[in-house]
Amino acid sequence: MTDALIALVALPLTAALLALLLPRIATALVIFSGLAITASAIALLYGVNTAGALHYELGGWTAGLGIALRADGLSAILLLMIALVMFAASVYASAYFGKASERAQFWPLWLLLWTALNALLLSGDLFNLYVTLELLGLSAVALAALSGKHAAVQAALRYLLVGLLGSMLFLVGVALLYAGYATLDLATLTQVVKPGPIAWSALTLMTLGLLLKTALFPLHFWLPPAHGSAPAPVSAVLSALVVKAAFYLVLRLWLDVFADIVTPTAANLLGVLGAGAVLWGSWQALRAERLKLLAAYSTVAQLGYLFLFFPLLLALPPGPARDVATGGLVMLALTHGFAKAGLFLAIGIVQQRSGHDNIQELGGMVQRLPLTTFAIALAGVALIGLPPSGTFLGKWQLISAAIATGQWLWVAVTAIGSLLAAAYIFRILGHAFGNQPYPHQAVAVAREEWPALLLTLTATLVLGLAGAHVWTLLENGS
Amino acid sequence: MNSATSLPLLVILSSLLPGLVIFFLPEGSHRLRTTLNLAGAFVKIFLVGVLIWGVFHGQSYETRWALAPGLDLVLHADKLSLLFVSLSSVLWLVTTIYAIGYLETSPHRSRFFGFFSLCVSATVGLALAGNLFTFVIFYELLTLATYPLVAHRGTPEAIRGARIYLTYTLSGGMLLLIGTVWLYAIVGQTSFVEGGVLSGLSSEYHTQLILIFALLIAGLGVKAALVPLHGWLPEAMVAPAPVSALLHAVAVVKAGAFGIVRVVYDVYGVTFASELGVLMALGIAAGITIVYGSVKALFQDSLKKRLAYSTVSQVSYIALGTAILGPIGTIGGIVHLVHQGIMKITLFFAAGNYAETLGIHKVSEMNGVGRRMPGTTLAFSIAALGMIGIPPVAGFISKWYLGLGAVEAGMAGWVLPVLILSSLLNAGYFLPILYRAWFRTPAAVWPDEHIPAARFETHGALLWPPIITAVLALAAGLFAAAPYSPLEWASLIAQREYGL
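Sequences listed follow chains A and B, in order.
Quick note: the first sequence uses this note's numbering, first residue 1, plus one each step.
Quick note: the second sequence uses this note's numbering, first residue 479, plus one each step.
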């Protein structure tokens, strides 16, 4: 199983270097390494599910000096999501970027991003986490700016500055912890960290940095332009995976490392910000003129739901009830990952075929691009949280935990947010169903349509019907 | 998997799989699409027949699938679900034939029939749902599957009607969801059980249970078109006629009413619900809806809108029946689930025939239509008389039992006036139509005659469905005492509910 741990970092890194050196075979390289990475992620998932959490020290160096890799149920399932989404987006990108020169620029950065994502989820100490976070941010910025258009570069620049500021805050927090406890290993820290000014300020700084990166309301201002102007496959992984990597760290810090430090008040603050994100993001998505902007604001809103879980999880005693709720949180994160990636890919098809993505001018789309429209609708089902999507199960646990702990405010926020989501999704579909003649010759490419469709099907059917396994895995892999 | 665990799932798949294939068929492959549609419909009826036979002989059928900890998707065949399943599978067959004739030449038929099949699959799933969680899933799926059908024509009015429909139903779905989660938070996962499962809870929970009941009924009431949650129904009339037929008789409206029956009988238990005092509230809401719908129907000149408000009124008889404590009222409510379906679908088929054949959309254009289209008008007349409650048509049986049940339960003081007033109003908005159709002289030209009279007054595929359902409506009334009749079946359900 340790092979899979190493392969998940080594494969994309090697492929990135090779793609830089041999641009001509880069596309094939990406597809093959993508398959191998997906296989490794499945192997890791299987291993964690049967044998519990894994731990490996590279070269035998112990924590403190060497690089330690670790994986539990949570990271294993997220790694599989990353592999599947990245692979589908890779297939899509191979058709999306028509020119060889575009692809030559794109693939090395793309694989570097993949490396950073995998490494972040496997890292067990704060310094490595900082490094992977920085690598992730830089490769994401470069990809976002790839089109070279003025708006994209401007948005990417802002993205860069925000990302750097976030990493800086995180690093200061890390330094504080190192000064205080002389260790950066997460497992060790969990045991030694004590309530006090050091822990509190470190947690505050690190959380603040991560919230910037995960674009929690009101720190989301950079996200819509950056995600809205990047090339479609890039937008897909930025929204589905990159912001979630930062969220994953928040989750780790709050629920594992600093579990004894965090207070219900602090968790409530996160919940309030999450509620703000849900309401504001959904409202902005409803008002958006362009499809990509709508999808980007929808990401702001969907991340908000994840933060609603913090006050709930803290109010539940550790044990089965809390585990079930945590499973709901993971379910929401997973479904959103697949659905949003599929949505951005489908929007990319619409944009390429009709030359624009104005929501007002989508009339007749359902006739000309039936599969693409269907993918958008499926993604919409998952974003709203209707059955049979995984979101439905996640939101059920969210509402259930809120009722069980008497926190009715979050129930109301979830209900209003879901209805707003329905409004913005069916605003698209209403236009798409209109019978105005569709002015463009639209022949979709299978290599673009099928990745979008399969991702959204995963979000709606696979996660919805096989969702019980997620809970089992989290339990087995702890 | 043996037949006991797979049969309920197969009943759903018999329409789901053909539906999924149909989506991918090219517009031109008319014959293959029709074959798939009809094959699915016949297979479903056959499977439902097996289910009925088995349940009657004491077999138990259940498909169970865990979706999350403590949340199982359960498909279960009991007497109540079979009543609804057989209604929808028979009417689905008839409606499919009708839709094939109706949409003969219009565009996007593959999309239409695909969603049409999904809609029926969701309805059947909802009927077979073995617990509230499963019910919620199919309730929402039904909303999703019907949206494209309402929006089908793609005109601005169609899109607008579909949007209004969605706004109402999704908001209702949210209330239902919150109520269900709340209930699960108190009692955990429970199946539908005759006689209910909540009566054992201590009285400290009673306030919560009343609030949950309000949430559930409000959520279900949107689809069941309880006043004031009925606003979507007249707006959704923009849909093609087969869709209206489906919405009003088989799927959407019925799903809401069926859900109310489930919640009252198999979650709360009718006796416990009565103790909580929530039955009275439900009965009053139903009574207001019955009268209000009939009054509104009286003033509609558009035939479809008149029928729509008639649905608002008639479906609430089911809710009224559930609100009457006692086996006879229960029988009246449950049997109306079937009777209203058969009669209302006949009316909508006939309305569709008038519009398709002669371009008649308004009551005021119907003078003398009986001479031009005798078959359709005869079917319409039988169903309309049934709605008024004239024997021997099925509607009479429903009203008889409701009235008798109200007397038995000591609620005669207000239920009987509601029933009488509503029947008078029914007569007030249906009899003038019949009078015009049969006794007035026809106009010189019809508004827009595009199917000329040949061997039949209109296409065979349009003519036979209303005649078949009208015959069914007559038969359900004439042979009400025969075994396997809806009335007998409803009596069995009521016996179990009250432990007789």
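Hints are computed from structural coordinates only; laboratory data are not their basis.
Honestly, I wouldn't trust all of these hints.
What the hints assert, rightly or not - Computed footprint of chain B on chain A; a stretch qualifies when at least three of its residues, placed anywhere within it, have a C-beta under 8 Å from a C-beta of chain B: (1) 228-239; (2) 416-422; (3) 457-469.
The beta carbon of each residue, even a glycine, is placed where N, CA and C say it ideally should be.
Hints and how they fare:
Only when three residues or more bring their CB closer than 8 Å to a CB of chain B does the claim for the stretch 228-239 of chain A stand; here the count is 0, and the claim is violated. Coverage of the stretch 416-422 of chain A by chain B holds. Counting CB-CB distances below 8 Å, 3 residues qualify, and the rule asks for three or more. Under the rule that three or more residues need a Cβ within less than 8 Å of chain B, the assignment of the stretch 457-469 of chain A holds, with 4 such residues.
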